[in-house]
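*Asks:* Following the hints, complete the assembly by docking chain Z onto the known chain X.
Chains as they are written, first to last, in this note's numbering: chain X, 1 to 347; chain Z, 1 to 347.
No lab work stands behind these hints: they were computed from the structure.
Pulled from the structure, derived: some chain X residues nowhere near chain Z, Cβ distances all over 10 angstroms:
1. A202
2. Q209
3. E273
4. P293
5. L296
6. D319
Now the in silico label distances, taken between C-beta atoms and shown as ranges:
7. X/L73 to Z/G20: 17 to 25 angstroms
8. X/A131 to Z/S146: 29 to 37 angstroms
9. X/D113 to Z/D316: 39 to 47 angstroms
10. X/D319 to Z/E23: 24 to 32 angstroms
11. X/G20 to Z/D316: 30 to 38 angstroms
12. Z/V41 to X/A219: 22 to 30 angstroms
13. X/D34 to Z/S56: 25 to 33 angstroms
14. Z/Q209 to X/L73: 40 to 48 angstroms
15. Z/D33 to X/L73: 35 to 43 angstroms
16. Z/N227 to X/A175: 56 to 64 angstroms
Only part of the chain Z face toward chain X is listed, based on derived beta-carbon distances under 7 angstroms:
17. S53
18. S56
19. M61
20. V143
21. R169
Beta carbons: idealized from backbone N, C-alpha and C, even for Gly.
Number of protein chains: 2
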Amino acid sequence: MPIIARMTSSPQQQDSGRPGEFELIAALKRVIDDSPPASEVIVGIGDDAAAVSVESGIHVMTTDTMVDGVHFLRERASWSDVGWKSAVSNLSDIAAMGAAPLHTLVTIGVPADVAVTDMEEMYRGLTGAFAEFGGGIVGGDVVSSSVFFVTVALTGRAAEEDGSPVVLRRDAAEAGDLIAVTGTIGGSVGGLSAVLDGLEGADAEALKQAHYRPVPRIAEGQMLVENGVHCAMDVSDGLVADLEKICAASEVGAVIKASDVPVPEELTSQFGEEALPMALSGGEDYELLFTLPFDLMDRLFARHRGMFTHIGHITDEPDEGDRVVMVDSDGVEMDLQSRGWDHLGAR
Amino acid sequence: MPIIARMTSSPQQQDSGRPGEFELIAALKRVIDDSPPASEVIVGIGDDAAAVSVESGIHVMTTDTMVDGVHFLRERASWSDVGWKSAVSNLSDIAAMGAAPLHTLVTIGVPADVAVTDMEEMYRGLTGAFAEFGGGIVGGDVVSSSVFFVTVALTGRAAEEDGSPVVLRRDAAEAGDLIAVTGTIGGSVGGLSAVLDGLEGADAEALKQAHYRPVPRIAEGQMLVENGVHCAMDVSDGLVADLEKICAASEVGAVIKASDVPVPEELTSQFGEEALPMALSGGEDYELLFTLPFDLMDRLFARHRGMFTHIGHITDEPDEGDRVVMVDSDGVEMDLQSRGWDHLGAR
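In isolation and in its complexed conformation, chain X is listed as follows (with noise of 0.2 angstroms):
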């Protein structure tokens, strides 16, 4: 951690260096001071890599980016929001397995053009959501990048299900399975359409909240390994699109029923009968889409009602035809056009 680690340098650096690079380290260090101690931590930010204490057990890995022009635009949202949603993509990826958040390292690349205060703002979106969730910054790297990115690496703990570590998987779904999700689903698809029609009122904002500032679901994670659920994922591509990476990862197929997706309100009330077309392929939403045998399903129902909605069944492999289908409130299946939408295309 070359950049970072140069917090520490002697006051001759500063004076020779380019001012900036020394004040925006230091200013970011203060904001990461601020924020609650990452847990467990022997050498924090300034040496060579951050070491923290570890127990035996199962750890998990993610990292995930955001590029100014591709994952947001810099105009349009405040860079607050920006270090929150790249904690939050994270974490929620720490969800779905099932596990507790460690430890983070963040990486920025930061082009002429972005002030420091904007800097501090982001990196106070990030504490903020770390803080909230678990998961403090011990490290990480600060570059000169012609376009702004930023890199978050996150560590996880995982729960454990009758005294032993165990992961929500994508490759656990059995045929028969029940499939349920947390919360709702297309809100944050339905908070950027918002933003691009120009909508208001409350029930707009309430998107744009859930567009702005989604919530990762660590501790239903947790809750659904320490009660026997073994196969999950988080819905940031689409519900419909991220079910066909389950049935994919198990070799089975899906059916889902329609009128029991858990829509917003809000977005019926803003988007009528696109409400549910928006739900099936928006993404975002960093909900937990899980499976699981039905006895389990109805010991979950009866001690977390609420917490999640029962959606379809877990069906054999299909012989051809799409891995997932939707159905009405008669069973008759129903067309899916879009089927989530990809990071990697301009948005």
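*Replies:* For chain Z alone, kept in the frame of chain X given last:
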């Protein structure tokens, strides 16, 4: 890890999406699959996060980024060398903590004009370094970006001294310690200069090799811990600049003897009297700079002669003036003009 995770996507996505993305990710996955697998992996590429088994102890974590036009020039460096050097700059941070590399996450930001074969070559540079020194790739992210960048995040496991995990720190130098460095210093900046000056011949090529294919001192770092050394860092920003960081962190000063700095013969043959100043201020040698008590140095010399060179000693913190001073063979203080360079500025 939304994008690498999409490696397991269903064929529908391949057809409906941008073929370049799917093709790229599949190609990179093949390169990773062809390299030695990371150890203790429970869930690898294709889920929300990687999952790895860990034993109790101390883990170290680092991250380092290379941006086209800032840290290298696409037109000049081979993609394989970019990958190799990106891996080594991170491996060297792990070495500087005295740890053994464990698991790697790789993120690439890919402009539209970068070919799949370019990225395969870069990944072969990465996997080649990890195959040689440890730290297999377990996940990552692939995103669009107008400028190419590669971010590596790497974990490692601390070595043990008398059965307890210990890390090499920058803030552990004490007045009276001797200062030593592994290998030779200045080859990398010599190689860069040889490229810029259009130098040819065996000596120039040896310097270019030092610049494009540096070696992290993984085994040496662990050896230092096992022998009771507590203070080290890697030479990434220049010998004097990096020694200043040790001094600032440890609140001490340092004296180095110019004639004892191990400069490669090729640097002297190519650059004459400029060789020493280049060695003092050049960076990216990735040698280990460490301090240790006299009696320990004696023991290390007996066991590992040739592995390192004694170049000076640690003093009390100076009341004023430079923390690091250089003396000639008569002990007379010499001028130290250039004190290292700065990754954040353009080179």
